[in-house]
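Peer 1: Residue-level listing of the chains:
There are 2 protein chains.
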Amino acid sequence: MGNADGVFPEAEFAARRVPVPPSRPFLDTFRANLKETFFPDDPFRQFKNESGPRRVVLGLKYFLPILDWAPTYNLSLFKADLIAGITIASLAIPQGISYAKLAYLPPILGLYSSFVPPLVYAMMGSSRDLAVGTVAVASLLIGSMLSNEVSPTEQPALYLHLAFTATFFAGLFQAALGLLRLGFIVDFLSHACIVGFMAGAATVVCLQQLKGMLGLEHFTTATDIVSVTKSVFSQVSQWRWESAVLGFCFLFFLLLTRFFSKKRPRFFWISAAAPLTSVILGSVLVYLTHAENHGVQVIGYLKKGLNPPSVTSLTFTPPYITVALKTGIITGVIALAEGIAVGRSFAMFKNYNIDGNKEMIAIGTMNIVGSLTSCYLTTGPFSRSAVNYNAGCKTAMSNVVMSIAVMITLLLLTPLFHYTPLVVLSAIIIAAMLGLIDYEAAFHLWHVDKVDFCVCLGAYLGVVFGSVEIGLVIAVGISVLRVLLFIARPRTTVLGNIPNSMAYRRVDQYPSAESIPGVLILQIDAPIYFANASYLRERISRWIDEETEGFKGETTLQYLILDLGAVGSIDTSGISMLEEVKKIIDRRDIKLVLANPGSEVMKKLNSSKILETIGHEWIFLTVADAVAACNFMLHSCKPGAIQNDNTSCENVV
Amino acid sequence: MGNADGVFPEAEFAARRVPVPPSRPFLDTFRANLKETFFPDDPFRQFKNESGPRRVVLGLKYFLPILDWAPTYNLSLFKADLIAGITIASLAIPQGISYAKLAYLPPILGLYSSFVPPLVYAMMGSSRDLAVGTVAVASLLIGSMLSNEVSPTEQPALYLHLAFTATFFAGLFQAALGLLRLGFIVDFLSHACIVGFMAGAATVVCLQQLKGMLGLEHFTTATDIVSVTKSVFSQVSQWRWESAVLGFCFLFFLLLTRFFSKKRPRFFWISAAAPLTSVILGSVLVYLTHAENHGVQVIGYLKKGLNPPSVTSLTFTPPYITVALKTGIITGVIALAEGIAVGRSFAMFKNYNIDGNKEMIAIGTMNIVGSLTSCYLTTGPFSRSAVNYNAGCKTAMSNVVMSIAVMITLLLLTPLFHYTPLVVLSAIIIAAMLGLIDYEAAFHLWHVDKVDFCVCLGAYLGVVFGSVEIGLVIAVGISVLRVLLFIARPRTTVLGNIPNSMAYRRVDQYPSAESIPGVLILQIDAPIYFANASYLRERISRWIDEETEGFKGETTLQYLILDLGAVGSIDTSGISMLEEVKKIIDRRDIKLVLANPGSEVMKKLNSSKILETIGHEWIFLTVADAVAACNFMLHSCKPGAIQNDNTSCENVV
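Chains as they are written, first to last, in numbering that gives the first Met the number 0: chain E, 0 to 652; chain P, 0 to 652.
So that you can see chain E by itself, here it is in the shape it has in the complex (with noise of 0.2 Å):
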């Protein structure tokens, strides 16, 4: 290390010069990009050492995890599960039924999928918190999307045929994403981006619900609040008041024991219990006032029995094959995204790891097996699987659970549903999504970091005044611009020496950092790309004219010295940078001095050649060699002074 009074001994330094790492064939590089890409968890870690039957039991533990934990299960385990299955399932039956009007489908679908998905999670998910079910946010994108395209009124059997084909579509895509380890796709959906949406779809599903409420007979199908409102507003004479009491009646009573449940938390399954109680008393007082005959609209005949196949169902033809794909993608995409946020979020709790790989594997698979069996689709949704890890679930066993409580329900308990009142199923879709409306994510997020509450409103307002869709382009499009802002304008910043160490860090975020006389030393923050690199050359020079102007005294700037410490890569364009940077402080008789570079950018300032244009020996492993070195030649290199050493005096001016 070079001392305080300036000697550049030259064999101390010459044992620590930066290295050109060893030249690797191309051939291995690419595979160990991709395997870092695709496969960053090494999934096949496992598998290695071990003999060819002992790897197919691995292959299908891993495919099925049920197999993991279903040898050591037992009574007390089930006894957990038990109580949480019927506890979920309670809920699950009137959510079920009001998801389905809210996707333009038959209510009964939505106890059809309450079934069959369950049942396939609980042998392929690695969560053990997560209650399968359909959610409000996909049920409104599927109706939204779909109805666009066919009327759900005028052509129902196309409808729903539509209907089990985007689940199908969506259930491919996800299992396509886990098996070609995409799953990072999701990432793109920042918190900040789903807080904002879920906010905003919440808000445009309560707007639904006024047709509930109001008891209106029509109702447009855009879901924007400016629509809504005036389709509420333009019938004012079409309100019912009988609807519109029971309706806000059942809904304080909803939240009025979210309210007491969340406050004494041991009381959790008063608030899980409410909506089947709702819809129990609801369906009583109408059967014994004959309110469905004075405005009160009810859910009518439910068919017996289990899901019915519906293969023949899925519809591949031109026309109507293209909507399905869309809605299929955006749908099961926004699914995903909530299945595997909410399995991450109760596993961080209990302490064990989702593989989100295999999680889009399972929740595919489960909407594959459902559109063929009259399902539409289901993911993880938030309240359900709060509800099941409330009332302490162990396993997936509790959706098995619950899975055969709806089938008993199928079975046996339609008929009890013909008085229930739709208004009841909007109260209790209201008090479900207000639960959903995240303001205090948002002041946290405006609090720590303005850009992402910016992702978040937009997010939010693009859903409610324009779409859905436009909700998500809007907040995915903030969110990638920031990350292209992030490197079309890197930071770069003066670094000086921090009193008594050898560190070197901003002298704007450490005030006691103290410039060296004849010497810039610039950190830059980012990898150095196409996109920075004309900036960063026009920076640079900024810097330099700043550092120059100030400097009227005997020591002007001699030195440039570049911290490369966070520049992670550099494409060509950021090589030409650099030896533009060279070429114009060359002019201005500065030297070119990097620090700290990284071996990438190492073996590209070598295969370049622009290695030697620059000088390997003006390169060292931190900046307070560097300086030293330049400090040693300040003040050693005075007129006359000769030395042939590789760093002699010729190379200074």
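Calculated from the structure, these hints are not laboratory results.
Every value quoted in this text rests on a predicted model; they were computed, and no experiment measured them.
Glycine included, C-beta positions come from ideal geometry on N, C-alpha and C.
Just to be clear, a hint being listed does not mean it is correct.
Unchecked claim - Listed next, the stretches of chain E that the computed footprint assigns to chain P, with coverage defined by at least 3 CB atoms under 8 Å from CB atoms of chain P:
(1) 111 to 121
(2) 252 to 264
(3) 592 to 605
As the list claims (entries may be wrong) - Within a straight-line C-alpha distance of at most 25 Å, the following computed SDA-like cross-link-like pairs (lysine to any residue) qualify:
(4) LYS608/E - ARG343/P
(5) LYS60/E - PRO24/E
(6) LYS349/P - GLU578/E
(7) LYS582/P - ASP41/E
(8) LYS608/P - ARG505/E
(9) LYS581/P - ALA441/E
Unchecked claim - A short list of chain E residues far from chain P (calculated; beta carbon distances all over 10 Å):
(10) GLY304
(11) ILE328
(12) ILE469
(13) ILE583
Got chain E; can you put chain P on it based on the hints?
Peer 2: Okay, now just chain P, sitting in the frame of chain E:
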């Protein structure tokens, strides 16, 4: 600094803690960010501390650089510009006529476009070497995009009006980009992308010339290689040998002169004058042999006189405005990218600066004025500017000289072009295009950066097999994907101590780096964003797994030091990630330690309260400090030892 024997002097460390930057008002930060994004070159600096009238003068000089250089213009400069101007005029006339044919426009428009725009650029442009004129690629693009909507042979007047309108929009878009300081959009066309795109366009343009070379009457309007080959070989019987022989003779002549001029740079004028020579020779030959009656097509009648105004020709009516707008924006960006890249290259040679945003305003204004005076899209073509530079131009006056030469041609010499054979124009275009296929640059890309090579190849294949737009979309897509992938899969590497120093560097880059027992040091190489948060969480877990697997002995992993020096930014997803990592490793009795966070990261850690969870005393200025602290705790906190300072042993477990 902590000593080697593990003493942990609290007082010394306290002075070197990482400070939380003072919170600034939101608007201040916003303004600073806005300035850095849109005004990185600080164009208002020169206006500071100036009086009102002086500011007006400076502002005029900003927009009209001619005011800067005209006052000191002298005869010797003019002599140089005169020679350069005449040389480029001799190139401009045949090239202008040829490129107009490429855009399916009347040949005279090529001459018009070399008259008005250079005059505008001479006043507003800041490059001294750019020679203004039409370019092959943009001409081809205009031709292929407009002819998709309107047939140039069936509705020539409408087609012409659309070309003017597209030029108007291109100019408006270019000037707007400059005025709105959005010049960085052009940066997203990387060098690699332009190399591939240009080569592809050159190939396509050469293929188009087969029409002229073979004297074909009918030809496909598609530009891809498959359609063109089919079109050429489906009408073998129509091939005219007279035309082909003439064409290949001139092509040979042109390539020979270029080869000669390249070998002897002093005779650059030979290759510069070759096109005009070819035109004269060809015209005389046709006139003498009456070859126009034997299958050699000629230009025919050219109207005498200067540019007629075309204000009334601009078409803003609905069915056509879309295609004009689309064509204008795409060709405008392409033309801008070429003009600015060419201007910058020559400015580099002569050591002066080009202001990208100012150039955009100049090129944009030039095209707006051009569209009103019967010109179509112009920019600074590479070939013509290179000739200008070689001919020794000194200022933009050479453009004025060229303009005057073209004016004289328009007023007096147009009848001379009556007998010019089209095949000579095709030969001129092919010769120019072959120079654009920069296979050496492609080799260089392959050698230095494989991804950049893919971008280049993608652009080339996209243009040749698809269309110009497809090539562009592929190239920009791959480029952006690369940036996003860098963010989505940042490198995390283990650091070790370089012997005899306080530096910690990547162990895979520096084989001599030594790891510290019980401490894992990880460096994260990119900003922590939503796109990589879950990847990083899993990758860090895997590093810990791999590290603990290795240690079976006494010292197991107790500290995880994250070096955040290269983390330029963090968003709320990133903050949550750190929180989760802390939770995960806390359960494994490992302590999280941060080293060298930047000011933005510190600010967000603080405002999100995670700073308190981690503990400010576990955030260090350098990795060396962090290691020293960890070592101190490892060696002095044996069971039973009790300390009461900030970094007490209680924190360890």
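Peer 1: Please go over all the hints and tell whether each is borne out by the structure.
Peer 2: Structure-based check of each hint:
Check result for the stretch 111 to 121 of chain E against chain P: violated, 0 residues qualifying (beta carbon to beta carbon below 8 Å, three or more required). Residues of the stretch 252 to 264 of chain E with a Cβ under 8 Å from some Cβ of chain P number 0, which does not satisfy the need for three, so the listed coverage is violated. Residue count for the stretch 592 to 605 of chain E with a Cβ under 8 Å from a Cβ of chain P: 5. That meets the three needed, and the coverage hint holds. Restraint check for LYS608/E and ARG343/P: the C-alpha separation of about 22 Å stays at or below 25 Å, so the hint holds.
For the suggested pair LYS60/E and PRO24/E, the alpha carbons sit about 36 Å apart, so the restraint of at most 25 Å is broken. Distance check on the hinted pair: LYS349/P and GLU578/E sit about 15 Å apart at the alpha-carbon level, within 25 Å; holds. For the hint pairing LYS582/P with ASP41/E, the CA-to-CA distance comes to about 23 Å; that is within 25 Å, so the pair holds. With a C-alpha separation of about 24 Å, the suggested pair LYS608/P and ARG505/E falls inside the 25 Å cut-off, and the hint holds.
About 23 Å separates the Cα atoms of LYS581/P and ALA441/E, which keeps this hinted pair within 25 Å; it holds. Once the 10 Å rule is applied to beta carbons, GLY304/E is consistent with being away from chain P; the minimum gap is 42 Å. With 10 Å as the threshold on Cβ separation, the claim that ILE328/E sits away from chain P holds: the shortest Cβ distance comes to roughly 18 Å. No Cβ of chain P comes within 10 Å of the Cβ of ILE469/E; the nearest lies about 20 Å off, and the non-interface call holds.
ILE583/E, annotated as away from the interface, has a beta carbon of chain P within 10 Å; the closest lies near 8 Å.
Of the numbered hints stated above, those contradicted by the structure are hints 1, 2, 5, 13, listed in ascending order.
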